[in-house]
Amino acid sequence: MSNESIVPIPPTMTVTIAAYMTAEAPNVVVTRVEPEFLNLIGIGDSVNIVFQVATSGYAFRDKLSGIQSLSNGWDASFTTIQYSDDMRTATVSNVNQSGLAYPYLVNVIHLATGLTGSVDPVIQNENR
1 MSNESIVPIP
11 PTMTVTIAAY
21 MTAEAPNVVV
31 TRVEPEFLNL
41 IGIGDSVNIV
51 FQVATSGYAF
61 RDKLSGIQSL
71 SNGWDASFTT
81 IQYSDDMRTA
91 TVSNVNQSGL
101 AYPYLVNVIH
111 LATGLTGSVD
121 PVIQNENR
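For the sequence shown, my numbering gives the first residue as 1, with consecutive numbering after it.
Wrong hints could be hidden among the right ones.
As the list claims (entries may be wrong) - The following label-pair restraints were derived from C-beta to C-beta distances:
#, residue 1, residue 2, range
1, Asp86, Glu34, 17 to 23 Å
2, Leu115, Ser5, 47 to 53 Å
3, Ser5, Val122, 30 to 36 Å
Everything labelled a hint here was simulated from the structure, so no lab data went into it. Beta carbons: idealized from backbone N, C-alpha and C, even for Gly.
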């Protein structure tokens, strides 16, 4: 038996992003996320979060503003966001210890037109 400690793999939570335009407002990108309120209470000490743009023809706007923090303390709780080459997936790790809620902004772009859309969901950390 080895004396090495086993490091648990953090759970992964997925946030799905949908974007679309309607016939009534063809120049407006409607953006939605599921879940809009990501509750990490009871999940574990560290959580990997995967943000996935589910609608074809859309991607995160860019690496600087695809996902933006809207609150102080984000940098202490989250790692640097990593984007896939096609800009449709972003991954971040969260230490899940502050007990704070972190609003953030998701910015997407419709690749064919360049039109953009945004939505501002929340991640709730556990208090430890």
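Run through the hints listed earlier and report the numbers of any the structure violates, in increasing order.
No numbers; nothing is violated.
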